[in-house]
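Top line first, the protein sequences correspond to chains A and B. Taking my numbering, I'd label the letters of the first sequence as residues 229 to 333. Taking my numbering, I'd label the letters of the second sequence as residues 3 to 230.
Treat the hints with caution; some may be incorrect.
[To be verified] Computed, partial: chain B to chain A, Cβ under 10 Å: (1) Thr66; (2) Leu218; (3) Tyr228.
It is worth saying that the hints were derived from the structure and are not from the lab. Backbone N, C-alpha and C fix where the C-beta goes; we use that ideal spot for every residue, glycine too.
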Amino acid sequence: MSEAEGQQHPIKIYLWIWFLLFVLSTLSYMVDYIGYQGMLRWSLILVFMFLKAGFIVAIFMHMTWERMSLACAILTPPLVILVLIGLMVVEGEYTFGSRLSFFSS
Amino acid sequence: MSDNAVSSPAELEEGVSGFTQDWTSDKQTFHAPWGKAMMWIFLLSDTFIFSIFLTSYMKVRITTTVPWPNPSEVFALTLFGHHIPLLLIAIMTFILISSSGTMAMAVNFGYRRNRKAVVWLMGATALFGASFVGMQAFEWTKLIVEEGVRPWGNPMGAAQFGASFFMITGFHGLHVSAGVIYLTYIAIKVGRGDYDRSNNYEAVEIAGLYWHFVDLVWVFIFAFFYLW
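Okay, chain B solo, but in the shape it has when bound (with noise of 0.2 Å):
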């Protein structure tokens, strides 16, 4: 914050020499608002909770005698009479590298003080964070009703795929969820000229953190999920 008098930006050096200074000099060693600082640390400990499932993941793919059930075709979806592997799940990518975007522009034109535009871009974001949840609720569905998945088995093979689905993906849409409120909330605030009156536009930047943190983590479960 602007109140901290440690040192001035003038007296930070750059790269090697800027890090050793940072973390020798006995003071503040973050140079940045402590909200980004303290996401940036909440966020690379939910990094490890999210690594940890995809480890016991892969660690039950295996040790699994049993054929795992092939992704490719258990989300599979037949529109128009014609087959298409992993369609809603391409949908789903889609919309999340879309709202990806349109936080990363709610941002920039934060720092450029264009209110509108930011409520703007970041309602887009929640209605595209929404839309996402929706289409894992109807892929739930599907898998529970339809195709019988269950926690503790299923009729296409290896029974440890619906816990480790149910897991994975649970958990992302709880945290796409909880984004959805949370860049609602803020859209919210700037609507109303609270971040124009203590002119600090960082909590848009900081909520951005978030919203792209979650789509970082759908990059890892599309890769290792839904294309292994």
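For reference, chain A alone in the conformation it holds in the complex (with noise of 0.2 Å):
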């Protein structure tokens, strides 16, 4: 691939991954307007939501035609982030324990 041409591809792959998004758009909804409940209705949400987000950075954004290490310096520091949503939801238990039992009677 060449740098001086830019970020040149065919049309059609635009248009596939637009629609695929309105389908996935489409589909997260319909979870929300069937009433979906519980373990079903949450995975089901994380699918959608990381398909178009992967869509989105991947082909949009032109990552899967970018070189390895821009790649790699954009996409990897985010997955810090779990270690902060992992430390707040074993925090957050806690403080929902602590608050049954000293603030509700």
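Take each chain as given, in its own frame, and dock them per the hints.
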């Protein structure tokens, strides 16, 4: 791939991804419309969310065609957010437990 | 940029060996236009800001002992006598995706040197963005005036709902508004032929990166705030 030409790709790819994004959005809306609850609801929401995010970053933002050094510099740092989320879940459960034991009567 | 004589694309390797080569060369690491690399780094920092908002929202939602207001109900609209959950949010989602598609096409036509198409497509993107902000204003008004949602409390349930909602959607709406201005500015420059003279349409792609990021953030807000 040559950088001089910029990111030039067949229009067909964009139209396909555009179409897929519409389908995925409709599906995630249907999750709420049908009213799935519990684990099924959460996993469906996450699957559709990650698929949409992946398509946007990979195709619309051209990450698939960028060099690996740029892709790694941008895509790996957000992974540390998972640590924050993990810590906050643990801490949050603890706070919730304390509130139940001390503030509800 | 082309005046950088560090290494011509011919000697660059791909994949893992290219990754090693780029980071160990003691020279330029990112073989991308500087504007694009800087936009990516800005978007990375923005990713952290939005992640922190969403994480704090997760935390208050876990810790509250009062039931969280059901977004499906809060954001429902009654249309022609039908009660449709999340209707406005669904429309806003589709508008933002449409705008992402027109933006991707604008970038593509930019590299094809089709100036007219770029101006029209970027104009359409900005209009979609403006209508998104308009709907958000409607949503906020409805929530504040009719439902009585305040940052410190609301009649439907957990008090933290309002603070999380206004903070997260407000910050996103601010990004959309800034994006509309940014896109309009770049579209005007395209229309004037600035990028034909410099024979460089990278500015359109960089603006596109910002706009796709705004759509990307909405994907996460839609999933975690409205659907969860």
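Structure-based check of each hint:
1. Thr66: 8 Å, holds
2. Leu218: 5 Å, holds
3. Tyr228: It holds, given that the least Cβ distance between Tyr228 of chain B and chain A is near 8 Å, below 10 Å.
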